[in-house]
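Student: Going down the list, the protein sequences come from chains G and R. For the first sequence, the working numbering gives the first residue as 11, with consecutive numbering after it. For the second sequence, the working numbering gives the first residue as 11, with consecutive numbering after it.
No lab work stands behind these hints, which were simulated from the structure alone. All residues carry an ideal CB built from backbone N, CA and C; glycine is no exception. A couple of the hints might just be wrong.
What the hints assert, rightly or not - Per the computed footprint, the stretches of chain G lying under chain R, defined by three or more beta-carbons under 8 Å from a beta-carbon of chain R, are:
1) 30-40
2) 110-117
3) 162-169
4) 173-182
5) 191-199
Stated by the list, open to error - Residues from chain G that face chain R, not an exhaustive set, calculated with beta carbons under 8 Å:
6) Phe121
7) Asp124
8) Val135
9) Gly204
2 protein chains.
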Amino acid sequence: MVTKGDATRTLILEHASGVAARDGLEALSIGKLAQDLSLSKSGLFAHFGSKEALQLAILEFETERFIAEVLKPALAAPRGVPRLEALFDRYATWALARQKTGGCLFMSASFELDDRPGPARDKLVATERDWLETLAHAVRIAAREGHFSADVDPELAAQELHGIQMAAHHMVRLLGDDEAIPRARRAFTRWLAGYRKP
Amino acid sequence: MVTKGDATRTLILEHASGVAARDGLEALSIGKLAQDLSLSKSGLFAHFGSKEALQLAILEFETERFIAEVLKPALAAPRGVPRLEALFDRYATWALARQKTGGCLFMSASFELDDRPGPARDKLVATERDWLETLAHAVRIAAREGHFSADVDPELAAQELHGIQMAAHHMVRLLGDDEAIPRARRAFTRWLAGYRKP
Chain G
11 MVTKGDATRT LILEHASGVA ARDGLEALSI GKLAQDLSLS KSGLFAHFGS KEALQLAILE
71 FETERFIAEV LKPALAAPRG VPRLEALFDR YATWALARQK TGGCLFMSAS FELDDRPGPA
131 RDKLVATERD WLETLAHAVR IAAREGHFSA DVDPELAAQE LHGIQMAAHH MVRLLGDDEA
191 IPRARRAFTR WLAGYRKP
Chain R
11 MVTKGDATRT LILEHASGVA ARDGLEALSI GKLAQDLSLS KSGLFAHFGS KEALQLAILE
71 FETERFIAEV LKPALAAPRG VPRLEALFDR YATWALARQK TGGCLFMSAS FELDDRPGPA
131 RDKLVATERD WLETLAHAVR IAAREGHFSA DVDPELAAQE LHGIQMAAHH MVRLLGDDEA
191 IPRARRAFTR WLAGYRKP
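Pulled out of the complex, with its shape left as it was, chain G reads as follows:
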């Protein structure tokens, strides 16, 4: 059962995750969020307790959304190349949906929190590791299925895939280069071709 408290919490986190992606997790202000959402500051404090707890809650919330919108549906695709295609496409859709509202929080937080030890950084590291391991594991399966050469290095291939996504995100959001999206798609096609069994 979804209570009124849960619904308010979700509303706050949806808004706050966009603010965090746009302005940074450190720039969050409980007072400003309360104002944005016409809620009382004390009500927001009742939900999250502190800015640090709010930052952690935002990363947990985005991770849950990421699992629901990217991981789960992609892992339902057939093993091998189709699953890798689904992982690439789902992530691209995720990032594109956030293009006008701060971009992918995991990308911006990766550079904001890299030098800020604490629970928020730990949560982000866990999410990013899971993502890279998911990519590496999907590569491993593609080799087992006979789609990729058996000598593929799954961690290397995962890092390359992650790089294709990072560069596209950077070029679209910082440089305003929308051509970076079809270019990333071509880079992915080249990446697949490079590992396909001859």
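With chain G fixed as given, assemble chain R onto it according to the hints.
Tutor: Quick look at chain R alone, frame taken from chain G:
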């Protein structure tokens, strides 16, 4: 002639660029910098006038260093593949030298400033565009020299190269995965091989 004022300015910018890479350009405080360097706050204001001017000065300073340490020496390498190797190596050395002190400012600022219009963002965009165009042009030359296939897409190849560098930076600094550096080197070797003339 280097005046005492120039030397102080350089000292301030060297320190401030590390702080900016670690904590962010927005987190800079002229008061805190003055304290760090045992200088007067009014002295720092005399050099930069405002936090915005300081942010811009830091990006200009890092861009000059980038030109001197990465671009100029790499562009002195022979045309074609050797020059691409020099661009890759020089950037890797640049990022590695900053690994313990906040990483590459251009990477962190790319995600911090993407939603913050202003002169600092404009300067960063110009630097990043120049870098990507330098990479694309070096690819174009590699094709002209007959090292790469003539049908290479220079913008695509530059974006891929940028992605290899971004992913390595992210995995070393956020995830503490030092293996990401030799992996990036292997990704670069695969990238070269993928474009080499058969």
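Student: Sort out which numbered hints this structure fails and list those numbers smallest first.
Tutor: Violated hints: none at all, because every hint is consistent with the structure.
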